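Chain by chain, the residues run as shown.
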Amino acid sequence: MKPSTLLLIYLFLAIAGGLGVFYYQSTVPDNKEISNDVTQRLLTIDGLNSDIGELVLRSRYNLDPNYDSLTRSATLLDQSIESFGEAYFSTEGVSDPMLVKSFEKLKSEVMIQRDLIESFKSHNSVLRNSEKYAPAAGQSLMSIAKEAKLDDAEQLYGSLVRELLAYSLLGSSFSIEKIKVALPQLVELENKMPEFSRVSMFEFGRHIETVINEKELTDQYLSKVLLSTSDSQIDELSQGWSQWLLSNSGQQSFLKQLNIAYISFLLVGLAFVTWRLRNLYQHLDHEVAVQTEEVKKAFDELKESETKLVQSEKMASLGQMVAGVAHEINTPLGYISSNVDTIRLNMGELDGILKSIDMISVEISESKPNTKKIGSIVKRMVQVYRRMRQRETLSEIEDLLKDSSYGLSEISNLVGSLKDFSRLDRTNAVDTDIHKGLEATLKICKNLIGERKVVKSFDHQMPLIECMPAQLNQVFLNIVTNSAQATDKDGTIKITTKRVGKGIEISFEDNGEGMSANGMKQIFDPFYTTKDVGQGTGLGMSIAYKIVKSHGGEIKVKSEIGKGTQILVQLPLQQSQAELSVIK
Amino acid sequence: MKKASEPVYLMKLIKTSCFFGLFLLSQAYAGQEPITPIPNQVDVDNRKVQLGKKLFFDTRLSFDNSISCASCHDLETGFGADGKQFSDGVKGHQGTRNSPTVFNASLNFKQFWDGRANDLAGQARMPVTNPLEMGMASWTDVIAKLNKDAQYPQEFKAIFGGPISEDGIVAAIAEYEKTLITPNSPFDQFLLGNESAISKQQKQGYELFKTYGCVSCHQGKNVGGNMFQKIGVLKDINLQTGSLNEDLGRYLVTKNEWDKRVFKVPSLRLAVKTPPYFHDGSVKTIEKAVDIMIEFQLGRAVPESDRAAIISFLESLVGEIPEGVY
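Residue numbers (the working numbering), protein chains in the order written: chain L, 51 to 634; chain H, 184 to 509.
Think of the hints as simulated: they come from the structure by calculation, not from any bench. Wrong hints could be hidden among the right ones.
In silico SDA-like pairs for lysine to any residue, Cα to Cα no more than 25 Å straight-line [unchecked claim]: (1) H:K418 to L:A232; (2) L:K182 to H:I477; (3) L:K182 to H:A484; (4) H:K386 to L:D114; (5) H:K471 to L:V249; (6) H:K418 to L:S247; (7) L:K606 to L:Q616; (8) H:K361 to L:D128; (9) L:K358 to L:Q572; (10) L:K306 to L:L296; (11) H:K438 to L:E132; (12) L:K157 to H:V436; (13) L:K182 to H:K386; (14) H:K418 to L:E240; (15) L:K242 to H:A484; (16) L:K571 to L:E610; (17) L:K506 to L:S609; (18) H:K393 to L:V211; (19) H:K393 to L:D269; (20) H:K393 to L:Q189; (21) H:K418 to L:D269; (22) L:K274 to H:E440.
Small disclaimer: the values here were computed from a predicted structure and weren't measured.
Bound conformation, chain H alone (with noise of 0.2 Å):
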């Protein structure tokens, strides 16, 4: 028996020495949050940021001269988005998925909800020629309609050094949208060891937000955004009764099999303030979405209180539209 039991022993105490181990070890990086504060100040070349500035309301940039990127990107009311499920483009077309916001977009680590863009400069290429969005033949055609503006060449030849172009519209539009950020939100200064900034029950949504897992997928600066991750991981998204499991997501981009129904996960910074919800907008309140997500991503049960506290956290997480940006 002796003989029998000896490694049975040997194993548990391993076992429980291990798990000590790495408890103590989790314990140690406990104090460290999953959401970290947006920085106060960006780096950035003033000059492309005033060009960008310009481009980005400019509506010459569309095919009839009536939209520009802020008409679906609404700075002043819309807190970078429009409010609508579908964006109206040039001629009244409408594309298949929601606007996000442009705030914190340069905290994302890809663009688009598929991620089909790698950076602000890439994406920028994409809605000009988009002819559902702005609808341009093409990039010459901008350029051409530019050049006859009286500041602009002057403005590229003194920025870029030479004529206006592709990629200095691009690199312009993506400067300024960098100084797009919305730092000193309520919940940030927490971090910071402001106590007092929120709320009890904010704390305590914190609290859950991270129990409950959202944390695993909405984290870092961006509260989400640095990673990809399937719709309905722990129940089958087909079971929604929306039109959520109609979009392909990153399949579309990658054809990868596993990349089905896989997008980007969104920054929760300005949530609250930019319904509709998720990709292609069709959820209107953000009750409902937060109840799709603790029922399709977490694959669990949660309380009434507990939705509600982790609502007033993600209300904590608006912070501040930095002056000057429209």
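Only chain L is shown next, with the shape it has when bound in the complex (with noise of 0.2 Å):
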């Protein structure tokens, strides 16, 4: 499998399993806050249930003036059940059947409980009218049978009123009796009292009666709402929620180790990519070394390459020079050695002449000299001689001698320019007559330059400069070659020199081909050449460009195609300390 394929099926992996993740969590429920958020719950329900509880107590006991107190806590306890309900109870809720089942009671719990309470509020309500009323009116229907002298009924009216007040106050069931036992003997009294009284005394009997119904129920309304099991349906509650929440806690830890897989799962990735990252560093690093190693060479060669191709191009001009000088040397030589050779061939006859004086020595050292034989021999020496003398021979000799000389002196000539040009033996840098330098390349050019017409124009006060004269010729030599070859055998070379500043100007000036604006650009750079192959270097004036430069000039080139070409010169006269050792 193409590593490609296996991470894209690695990456969708990683994001399914995040989504899965993530849909999980959002399925298991959060603990914590669903914890806080029940108690908070529970405890508000708790509290409500106790408030009731009190508010109801007050309420019977005519301590609060109103009911809004007891409506506003059951309407909470209510909502509170109700949002309850909502928030955990709905259809997407909670499933747990315990936990239902309990809430469920408490909620009936808690409905019932609201009805207690407004049958209670109901019932309270009606109690306290005739709580209030009926000893009131009891008491009046007591004056009444006063008045009517009826002690008996007032007795009766006064033992019921005392016992009502100490029923309703006290609840003394033992009250209750006697009022129970009184009732019937009101019946009784109707008849007795006066006429203006019946509608007091039925008022009466039937406010009675509903202290004693209204007291029994509203008491039973409100010991139900006390003795409410609602305290014990929320601490089952609350306690089947720990119990389904330690539940939960399982789905929770699976959720856990679901988490810690799924960031295994990221890391190792993770760890993966790394090394993969890790390896492509270290192939790039060898990947890099072996480039630079192979620049390197590259450099290294090309380095070589140009110092031989500078060796080399000084051999060119070396080569160059030993021809010119060679074809110098050629001629004189030739006509020294007929000379000699013609000279060899006239000393013969000399040598006759000579051996003859040798035969006259002889014969007149000789005791009796033969006179005879001395005069044929001197006879036949002026013959020679006069032979001789007649051909010219001496003053020939003389002549070819005179040459001879001649050509050797041109020859000394040449060697010493070759001597001026190459000033080998020189490496510092030296006060240099720029004039010789410039004739001695002219000399060694000689052949090169041929049939050319060179035309000098120096400056006669041209001062000495500061140089390495071998370096200069080699650039003079480069420039004239340059000009020789690029004009026609009949061109002109015009060569300048003059002051200038704290400087020198030289010209070279020829009338030859020119050169393109392109041409101009590129004609110090190295290998550049508009010779055939095999011809020139190319790096002959890139040469006498890094010279010139060394030596803290300038060299210019202007050109016109069809016109001819200038290369101009400029030297300083001193050499900084800094400029002299980067010549060296």
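Since each chain sits alone in its own frame, please combine them into the complex, following the hints.
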């Protein structure tokens, strides 16, 4: 399998896993939040429940002037249960049957409670009125009975009022029994009491009944409200929650494991990527090292070949120089050797004369010289001499010798300029006469220049300049060679020197073919050549440029196609210390 | 003899001291009035109020675009009710109950005579689809109708962040109804310490209202509206000549035997302004209504002058209708 497909699969798994974990997380309820919220809700419900207990009691004993507080608490309790149910027991809420059951129990308990409270409120109101009114009504009947002198009636009303008060305030069952016993007697009084008190008597009876009935009901409702099992229901629910949350925590811990697994999965991926990256970098490092090595090698080779090229350029210059010099030497050598041949020929006749002189001296030294013999010898000698004179042999020898000696001086001259040109013996910058270098160069190039006219316009006041003459001569040679090669056989090369400011200027002008603007731009670039392959190295002018630059000078070119080229070399009079070191 | 009388004596002592203690306690709380003032201000969401107001007056909530909430709860001239025994619904239908005022309805613990709605929002769900009232077939129809409006959809989006919905409509109406209160009545001013806010007769009426025991049912902020009570607690309502015994009231909701003829004790804040009286609007005058109360709820006789004082007290309960509610 390709690594890219592997990566894709991995990425897919990572994303899918992430989504899966996320989804699972969303289905697992947040325990802490839930438990806080539920605790809060249960506390509220519990609190309202006990509030209600207190408020009911306060209402029962007339400590609260109205039901507003009780009603508000009851409504709040209702709403709390309602919203609790909506939050946790709606269709998609908690489905745990135990919890649902205990919540339902609490809810129905609260609902019963709510109805009990309402019943309590209703009955308590009615009771309150009758409790208040009945004793008052009894009292007024008491006084009516007193006025009517109905002692029995008075006593009955009196005891009823007393027992009623005792019953309503203390709830004594003793009193209720007494009241119940007394009630039938009230009916008997109806006919005895005065006519006008009928209505009051009727009301009294009704209110007593109301007190008896309502008090029983009210207290029943009150105790039911107070004894509501909501408390224990809340406890049960709260315990159920803890249990449920505990079972939930199983899910939670599974989620935790899931998360850990997912993270490990991601970590593995990360590690793999890191490993791959590391490899990649190592490989890259290696690659870079190899490349650097190669570049370095290429650079070294280039450097080497440059040196070689410079060397070969030097050799070429040298060869050219040697060729020129050889040619120059050859001519005088030729006629000197023929002169010497001729002289040797003529020397044979002189030899005969000298031999004759020897023979004469031998004859003379004899005791008896043979004059006859001497005479014939002299005669032959004179004949030779005359013949020689006739042939002007002697003056010819003279001329030949003179000629040869001129040829030899020519040669020695040439050797001198050779010495001047190369000055190989000098490695230090020395004060140099530039003109000498130029002359030497021209002489060396004489063969190359051939028929071309060389116009020298030298400044006679030219000062000596501090330079490496051999190097400068190479510059001149390169320029002159180029000029000669660029011009026709009958062209002109003009060399002008002059002093300018703190330096000098040497101008080489020719009326050759010239060069393009492009050519001018490239002329000092190494390996730039217009010559045929094998004719030049293409380094000449670039070396010239280097040399002039290293002398702190400038070399410029000005050219026009068809008209000619001018090379201008500017050199300072003195070298700065730094530049000198460069030259060396 | 001594042996026998001692516990009796002790009992009497305990009795008297308890009596005395309770007397002191009730005295201590006597300063607290059973009726408390209506707050001047309510905390509401103004945007919902404005929307609710529009809906409250919008006849498009009814089947034939003839009736709005305000038709039966006339805020301008009817103090939140319509003055009729039974209100006219769509197609001339009439219900069987008198329309109560919507003013101060937010102070009631339950809505409707029988308390079948727990709150205002729950209440507002009902008239719209009640065939005798606004007669819409369903809330979907209502929403479709309102969606044609130029503004409602945007307003609902802005306020509830969604399209028009039943919940949104009733929530807005309920919010608006919260602003329908009548604070600053002369009696409330009196409660807050302005002795001269009510007349002598009214003060006397208030005392009678308390001593006769009206206050044990009509009490709290809304002078009623915080409990259920049977009509005819001290005298069988069947003995009444009118029709008050016909409606079984809360029994129809709970089916509890004891809830027969039980109704929410109505607020008396605007009672003098909103005749006719009682759940079936069968009683035309306040005098007759108070008489019935005295007879059937208190089970006693009250002199004419006391009744007049009580009625003049009821007049002092009428507060101010806040500006800009209609």
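So if I understand the rule, the pair passes when the alpha-carbon distance is 25 Å or less; does K358 of chain L with Q572 of chain L pass?
21 Å, holds
Is K418 of chain H within 25 Å of A232 of chain L, Cα to Cα?
Distance ~22 Å between K418 of chain H and A232 of chain L Cα, so the pair holds.
Assess, step by step, whether the Cα of K274 of chain L is no farther than 25 Å from the Cα of E440 of chain H, and give holds or violated.
Roughly 18 Å between the alpha carbons, so the hint for K274 of chain L and E440 of chain H holds.
Distance restraint between K182 of chain L and I477 of chain H, which requires alpha-carbon spacing of 25 Å or less:
The given pair, whose Cα atoms are some 15 Å apart, holds under the 25 Å limit.
Measure nothing beyond the straight line between the CA atoms of K393 of chain H and Q189 of chain L; if it is 25 Å or shorter, mark the hint as holding.
With Cα atoms ~20 Å apart, K393 of chain H and Q189 of chain L stay inside 25 Å; holds.
Between K157 of chain L and V436 of chain H, is the straight-line Cα distance small enough, at 25 Å or below?
19 Å, holds
Sort out whether L296 of chain L lies within 25 Å of K306 of chain L, counting only the CA atoms.
This hinted pair holds, its Cα atoms lying about 15 Å apart.
Hey, K393 of chain H versus V211 of chain L, does the alpha-carbon distance stay inside 25 Å?
22 Å, holds
Holds or violated: K386 of chain H with D114 of chain L, Cα cutoff 25 Å?
It holds: about 22 Å lies between the C-alpha atoms, which stays within 25 Å.
Are the Cα positions of K242 of chain L and A484 of chain H separated by 25 Å at most?
Holds - the C-alpha atoms of A484 of chain H and K242 of chain L are around 22 Å apart, at most 25 Å.
Taking only the CA atoms, is the gap from K418 of chain H to D269 of chain L under or equal to 25 Å?
This hinted pair holds, its Cα atoms lying about 22 Å apart.
For K393 of chain H and D269 of chain L, compute the direct alpha-carbon distance and say whether it is at most 25 Å.
At roughly 23 Å apart (the allowed maximum being 25 Å), D269 of chain L and K393 of chain H satisfy the hint.
Violated hints for the displayed structure: none, as all numbered hints are satisfied.
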